[in-house]
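Trainee: Chain residues, written in single-letter form:
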Amino acid sequence: MNRFAYREALTVQEAVDILSREEGGRVIAGATDVLIRWRQGAWKPRYVLNIKRIPGLDAVSYSPETGLSLGTLVTIRTLERHALVRHCYPALAQAATAFAGVQIRNLATVGGNACNASPAGDTLPALLAYGAVCRLVGPAGERLVSLQHFFQGPGLTTLQPAELLVELCLPPLPPRTGALYIKHSPRATMDIAAVGVASVVSLGEQDGICQDVKITLGAVAPTVVRAHAAEAVLQGSLVDAARIQQAAQAALEDARPIDDIRGTAGHRRAVIAPLVRRTLHYAVQMAQGTELSLQTQRGLAVEAIF
Amino acid sequence: MKHQLSLSINGDPYEVLVEPYCSLLDLLRDQLHLTGTKKGCDEGDCGACTVLIDDQTVTSCMMLALDARDKAITTVEGLVQDNTLHPVQEAFVQYGGVQCGFCTPGLIMSGVGLLLENPDPTEEEVRFAIGGNLCRCTGYAKVVQAILKAAETMRATAS
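Just so you know, the sequences run in chain order C and W. Quick note on numbering that gives the first Met the number 0: the first sequence kicks off at 0 and runs consecutively. Quick note on numbering that gives the first Met the number 0: the second sequence kicks off at 0 and runs consecutively.
Among the hints, erroneous ones may be present.
[Unchecked claim] Now the in silico label distances, taken between C-beta atoms and shown as ranges:
#1 C/A228 with W/G100: 52 to 62 Å
#2 W/L16 with C/A58: 25 to 35 Å
#3 W/A157 with C/P138: 26 to 36 Å
#4 C/P171 with W/R126: 33 to 43 Å
#5 C/S60 with W/G138: 38 to 48 Å
#6 C/Q248 with W/N9: 52 to 62 Å
#7 C/Q294 with W/G100: 25 to 35 Å
#8 W/G10 with C/L9: 24 to 34 Å
#9 C/D16 with W/G100: 29 to 39 Å
#10 C/Q294 with W/V79: 33 to 43 Å
[Said to hold, decoys possible] Some, not all, of what chain W presents toward chain C, calculated at C-beta under 10 Å:
#11 N9
#12 P12
#13 S22
#14 C60
#15 M108
#16 S109
#17 E123
FYI, nobody ran anything at the bench for these hints, they're computed from the structure. The structure presented is a predicted model; accordingly, all values stated were derived computationally and were not measured. Glycine residues also receive a C-beta, built at the ideal position from the N, C-alpha and C atoms.
With the hints as extra help, turn the sequences into a complete structure.
Mentor: This is how it looks when you write it as structure tokens:
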């Protein structure tokens, strides 16, 4: 383990200046990913830059016109407990309850989970399904990048040197929208998803026609991905059990799973369709007005193999 | 280069010099000799190093000591008040929530953290709250029972 130096920024500009001036820095907020990689010897930062004390970056705000704004420092625990998140973006709260354990959720941040860019990151299928947009600030100023384009590969993002993710913006959702995230993993807590699936479904006013649908898959491709083929099956259609089954099968088209310690590619391929079918089934129920308690949602969201 | 750090631990103010890469856990154990907090995995998986920071549970191995600046830390040593065990500690003793004891400080801190937020948890909520604490001896049944009993005791005392 190398010995790193410590820097702290109190404004975003100060953070960008430090990163521009000094090479070899790693940005930390919760630090839960960085400390592990550093102890493993995989990352050897010359210094860490703590951004956790920048005021305002831990804010959660919502308006029906603009949607949800999550500062990069919002903790996973806040996503789990925040009434607005639970009510308006339930798949994100469900994902937060499936994330590690309470102690890590109190430290880890939503921005950190995005920047770590693991294909198995728990908040990422929900953020992608909700159409999150990243606000980045760097030496050249500010830019917006959709989360879909933010991810470039496992652990790789479009972040440029000295650029910071400062905010995630989730657009408002139409009425009659429901959503479910399911994490399929060997253990119910303190584990990484073998497969994660999020579905967000918006239905028409009376006819039960699917007005909009996003289906996202985690841990089955180099990044979290949209299941475009599955979405196309449902978009503009009457959503019934047969359609849902057809969409669930189509989801395999966008999956490129590999073998690893949490499951074989074959295992992953085998569970994708059932997971997609289940997320769609409950998302549609919620869109039709069925209220599911948080406890029920959590029970659905965490699917342990053992 | 060591940095100066001021923080509060179990109600006492501390001024210490720490290396940038020193975890809060190593500060507590190696420098301040508060060895009640245990080092199990040192990668945030086992929960043995759980402490409270501003009343929220965290794994102290996953936090840099410098990140605790100006925070109020409670370790298992800080739970005893006037030579009396905390109700969660008392219940662990009474209901056999302790076997080898290595995970116990962490489990107790998770129990205390839960009851600060939710004085009347269900069994499921207790199990969910201690999901980040590994115990290889008890099978968790007695631990869960102890936390539920402690909750009862604390509610009775509060009312």
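Trainee: So which of the earlier hints does this model not fit?
Mentor: 3, 9, 11, 12
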